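Trainee: Letter by letter, the chains look like this.
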Amino acid sequence: MSDSPIVMEHAEHEARPELRHHFADVEQQRNAASLGMWWFLGTEIMFFGGMFCAYLIYRRWYFEEFAAASRSLSLGIGTFNTTVLICSSLTVAMSVRAAQLGNRKLQVKMLLLTLVFGLSFIGIKGIEWHKKYTEHHIPTFDYNVISGEGSLVKGNEHLLGIDKVENDPVKLRERKVEIQQHTKIFYSLYFALTGMHAIHMIVGVGIFICITWMAHKGRFTPEYHTPLEIAGLYWHFVDIVWIYLFPLLYLIDRKPIS
Amino acid sequence: MSEHSEHIVSAKLYWLIFLSLIVGTVVTAWVATVDLGKYHGIDANTVVALFIATCKASLVVLIFMHVKYTSEKMTKAILLAAIFWLLLLLVLSLTDYSSRYDGSLNPLPSDFTAWLA
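Chains as they are written, first to last, in my numbering: chain A, 1 to 258; chain B, 1 to 117.
With the rest of the complex left out, here is chain B (with noise of 0.2 Å):
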């Protein structure tokens, strides 16, 4: 019979993980109400926000869901080649939108339009 290779994760690890998530939750809600400004155009409000939410996820992923444990590749395989093909999605549809000359959000600088007049 072959033998089992499964690792089991000691409870308190689990405790510990549910519990950062938990502060990451009240974290996100709190700090979202907090005027962080703005760099480069970039509100850094919503950089927080998806940053604490990408912390949390990879805590799911790595602990609950074992990936840190498994000695199976293919797991990891699909894993990142799922994440690479989601970023493609998101990152080249948003720099195309965002590359577009739109009035308001990508507004021309100002000397160029005098330039057009």
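Pulled out of the complex, with its shape left as it was, chain A reads as follows (with noise of 0.2 Å):
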């Protein structure tokens, strides 16, 4: 009697406390949550996609324009960022694997690293706005393609075709305005990107405080470690898209001009 599947159940249900009623066993139990979150992440791609698809239509049509702006995003800071958030990953596959392995103390090591590198990427990126602000990069009324040192067409007026149509003012005055109108939506989808990226980031910091806090107390076993696993998988899958977003928006054109 004692061996039949129902008292067994019973008995997994009995010793296990975070194997809710409805799963049959924790293996169940496991896949259904990492299927969910395979399942959000499919939705995120259809989200970012949707906003990588309008970047990719105007890029080809004002492309000369695009290339400029991106000029003037730091290619420095936009490659330390990326290491940054790189580094972060690391950092959540390694607690994933402390977890398995039953280390505690290693998990929440691994933990604290990766708010430490969340953290920094979100404040380098407010510096790098911040910058963009003082330039009147930022696509309000205020917006300026010429103003002082953020001046998008210093030093690229060949890229930008002017040297062709300097001598017809009609058209130099009408590529003008054009090159204006068309940064400005280089920046408006920059900014909705590593915008909605950023608060992607946010939340995922937000998360990462509580799986730390859970890690802390010893809620994750070597045979229980399932937040901590579909946390990682989020928090992956916004490294994934920065590493698009910073080719797309930071190497546009960053060959020497001849």
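Just so you know, the hints here were simulated from the structure itself, not pulled from any lab data.
Careful, some of the hints might be misleading.
[Stated by the list, open to error] Straight-line Cα separation of at most 27 Å, DSSO-like style, residue types lysine-lysine; simulated pairs:
id : chain 1 : residue 1 : chain 2 : residue 2
1  : B       : Lys12     : A       : Lys105
2  : B       : Lys38     : A       : Lys154
3  : A       : Lys164    : B       : Lys38
4  : A       : Lys255    : A       : Lys131
[Stated by the list, open to error] Sample of chain A residues facing chain B (criterion: CB under 8 Å; computed from the structure):
id : residue
5  : Trp39
6  : Val84
7  : Gln100
8  : Arg104
9  : Val108
10 : Thr140
11 : Pro256
[Claimed, not checked] Label-pair restraints from in silico Cβ distances:
id : chain 1 : residue 1 : chain 2 : residue 2 : range
12 : A       : Tyr133    : B       : Trp115    : 47 to 57 Å
13 : B       : Lys38     : A       : Gly148    : 30 to 40 Å
14 : B       : Trp15     : A       : Gly126    : 44 to 54 Å
15 : A       : Thr221    : B       : Leu90     : 37 to 47 Å
16 : B       : Pro109    : A       : Gln181    : 49 to 59 Å
17 : A       : Ile257    : B       : Ala117    : 31 to 41 Å
On a predicted model such as this, the values are computed, not experimentally measured, just so you know.
Don't be surprised by glycine CBs; every beta carbon is placed ideally from N, CA and C.
Using the supplied hints, reconstruct the complex from the two chains, each of which is provided in its own coordinate frame.
Mentor: See the structure below:
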């Protein structure tokens, strides 16, 4: 009698407080949670995909303006921030591994490092945005393509095709208005994409504060660490979005101007 | 109690993936400053940048996100469906916009313009 499936199931539910009553066993519960997260990430791909698509179409239409505006972003800061995010992905992977091995101390250490990297990324992003604010590159009423140090035209006259229409005042005026308006579209997309990414980072940091607390309390064991694992999936996904944002926004055209 | 079939990735492999991702980032930033030229109107720099990004994303998905080790077929099915959907959106939209007549992007052949006049 005691080895009948129902009795065994009951025994597992008794022994494992984290096992919800509507799941047959821990494995099924874990697979369901993981599957749910993957479905969610699928919808996230659709969400970011729409914005990426808008970006790619406008980039094709107004390539010269997008390239000039892209050159105004700091290549050094962008590269550095990408490595910061990659570091955070490593620490997340390592904390999941520590949970699998039952090493609570390493788990918490790696999660705290993740928070440090995540917050650093958001902070550096904030510095970049502030620079864009001082350069009048935020696409609002005081947006200005030729403001001071942030001038997108200076040095890019050839790229923007200004030299071609220099002798025709009517065409030159038309071109200047186009440059002002089309670079503004680049920055609208830049702030929409990096802004949505940053919101995802902030949500991720919030989730990982809870996860770190749970890890500190010893809630994760080699048998059960599903919350940590699926939170990790989300974090890695946000990392992947940035892996594409970095070349698309920062590296449109960095070639030396001949 | 059910057996746990979870795969534990070695720390060494995680470090290796991490190093590859860092190298990929540095290479992509550096190669962007080198003129790789244009082939059939396609900017080689953009192709290289997106290729490196896709390699990096694949490493993260396969190793960090454990897709390579999962026994759950549904995970792979969802992932492939999502990528397929994304490619449908991007490729079909871009073919549409790229094939429309546009004076500067898709100029008409010169003999056609002459015939038109």
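Trainee: Checking against the hints above, which ones are violated?
Mentor: 6, 8, 9, 10, 14 and 16
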